[in-house]
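Asks: Please arrange chain B on chain A, whose structure you already have, making use of the hints.
Each protein sequence line maps, in turn, to chains A and B.
Per my numbering, residue 1 is the first one in the first sequence, and the count goes up by one each step.
Per my numbering, residue 1 is the first one in the second sequence, and the count goes up by one each step.
Check before you lean on any hint, since a few could be wrong.
The list treats identical chains as interchangeable, and a pair is accepted whether it falls inside one copy or across any two copies.
[Stated by the list, open to error] Straight-line C-alpha distance at most 25 Å; calculated SDA-like pairs for lysine to any residue:
| # | residue 1 | residue 2 |
| --- | --- | --- |
| 1 | 270 | 155 |
| 2 | 270 | 153 |
| 3 | 85 | 30 |
These are calculated hints, taken from the structure and not from any lab test.
Keep in mind the model is a prediction, meaning the values are calculated, not measured.
There are 2 protein chains.
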Amino acid sequence: MTDLHPFDDAIALTRLDHGTLRGTTSTAYANIAGPFGGTTAATMLRAVLDDDGRSGDPVALTVNFCGAMREGEFDISARMQRTGKYTQHWSVELTQEGTVLTTASVVCGQRSGGFSHQSAAMPEAPAPECCARLATAGRMNWLERYDFRFVEGAPVYAAVPFAEPAGSRSLMWVSDLPERPLDYLSLAALSDTFFLRLVHVRGTLAPMGTVSLTTYFHATPGELVAQSSAPLLGVAEGSRFHANFHDQQMELWGENGRLLATGAQVVWFKE
Amino acid sequence: MTDLHPFDDAIALTRLDHGTLRGTTSTAYANIAGPFGGTTAATMLRAVLDDDGRSGDPVALTVNFCGAMREGEFDISARMQRTGKYTQHWSVELTQEGTVLTTASVVCGQRSGGFSHQSAAMPEAPAPECCARLATAGRMNWLERYDFRFVEGAPVYAAVPFAEPAGSRSLMWVSDLPERPLDYLSLAALSDTFFLRLVHVRGTLAPMGTVSLTTYFHATPGELVAQSSAPLLGVAEGSRFHANFHDQQMELWGENGRLLATGAQVVWFKE
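In isolation and in its complexed conformation, chain A is listed as follows (with noise of 0.2 Å):
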C-alpha cells in the first residue's frame, strides 16, 4: 500500500450506491473552521472529472461557499447538464447532513489545438530558491500543506488595522507540500491559496470569507505533465473593498512563462 499524499486523501471520494459520491474532511488542511476552500474546489471538480460521463478537460469551475462546512464527512452530487459537440456542462452540490453548503459549475472542453497566443505577460520574480518561505507554523493547518514564497506582498498581521490601506497585491511562488506532480485537481485548489485581499489591505484578519470563486484553467494535460511538482509564480490583485464585499483577481504561472490558469473569487466581510 502507498501512502497517499494529503491532498489525495482530503479530495478521496467514494461513489455511494445511489451515485453519490462521498467524502470527509481531512484535518491536513483545516481552516480557522471547516476546511480549507481550495479542498472543497478541488474535491467539487473531482466529482465532475471522475465521472464516466465526463468528456473533455476542464476550462471552467466556479464554486460558491454557500454556508460554513464542519469537518466530517459530506456528500457530493454532480449533474451533468449538457453535452455538446465542444463542451460540457456540469452542476455540482455539496451536502451535510442533507443542507447544501457548497454549489459548483464546471465546463469541460474538446481542446484539440489550433491558434495560440498568451498576451499577457509573466511578472518578473527572482528563482523560488532565491526567496524565503512564508513561516505557517502554528496558524491553519492547511497553510502548512504549501510552500509559500513571497516576492512581493507578504502579509502583515497587525495587532490594529492599518491607519492607511495597503497594497493588495501579492506576487508569490507556490507549491504543494510535500511535492505533488500538478494536476487540475491541485490546479483548482492553488487558486484558492492566495490570502485574502483584505489580510494585505488592512493588516488584519477580521471575520471575512470567500463567497464565490471562479478558475479557468489555460493549461492542457501536456502542460501539467510538464510542469510537475515546479512552483508555480502566482500574482493576486483586488481592485475593490465596499460595502462588506471586495473581489480579486489571480494569475497562476509555470514552466517556460505558461500561464496555466486565471481566475477571480468575492470576499464577505464583516465591517
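Replies: Frame of chain A; chain B shown alone:
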C-alpha cells in the same frame, strides 16, 4: 400605457402557475444566432431579483452558456440554495422545450457599509462626447442597442486573420441605446458587451462564443441611482488564447471614478 425600453421588453418574465418563469427572446437584441448573451445573463439575474424570497443585493453572477438558444419562448426556474445571515445563494436554469441551455448561480449579499477602499485606478480617457461612436448598423441587432465609443482597441474586421496577433485590450465608453437608468440588470448585460478578445487579437469573426461569464457587482443601489444613464467606461483584456479557449477580464467604471463591476469570461473558438 408606457412604452417599455427594449431592454426591459427583452428581459420581461411572466410567472406561470407552477412557479416557472417564462420569457421570449427579443429580436431587438438578436445576436448572430439566438439572443445576445448579456440579455440572457440579465434575465437569469432577474429571475432571482423578482423572487419574493430574495434577500440582499446582487454580489456575484456566473452564467454558463450550455447550448445555443433559438429565438422564441424560454422557461427559467430559480432555486434558493441557502440563506445565511450575510449572503444568499441561488441556482438558476433556463430551458427551451425541456432542454437546459443556460445555467447560472447568483449570490446576493447584505451590504451594510464599513471599510471602503478602491485600490484600482480608473483608466484615463477623453470624455465620451470626444470619442466617435462605433458604426454598428447592418450587423447583429444587439450592437445597435448600445452606444460604443472606443478610446483604444476598437475592433477591426479583417478579410484574412492578422499576420501577427494584435493587442487584446480595449477601452470604451458604453451605454444603453436609448438611454436607460442603470440598474443591476442592465449592469449584468453591460458586463457582456465587450467583444470577444479573439476578434481584437486575430481580426476575424471565426466561430466562437462565450461559455462561462462571471460578474461581480461592486455598485451599491445608491451608486446605481447616482450613475443614472451616464456612459460607463469599460476596459477588457485577454491573457491566453490556447487550444480552443481564451479568457478575458473586464472592469466597468462609473461617475466619480467608482468601479461598478468587475468580471471575467471564458470563450470557445473553433480553430
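Asks: Indicate, hint by hint, whether the structure satisfies it.
Replies: Here is how each hint holds up against the structure:
In this homomeric assembly, residue 270 and residue 155 come within 25 Å of each other (Cα to Cα) only inside a single copy, at 19 Å, whereas the closest approach across copies is 42 Å. In this assembly of identical chains, the alpha carbons of residue 270 and residue 153 lie at most 25 Å apart only when taken from the same copy (23 Å versus 39 Å across copies). For the identical chains of this complex, residue 85 and residue 30 are inter-copy neighbours only, at 23 Å across copies versus 40 Å inside a copy, given an alpha-carbon limit of 25 Å.
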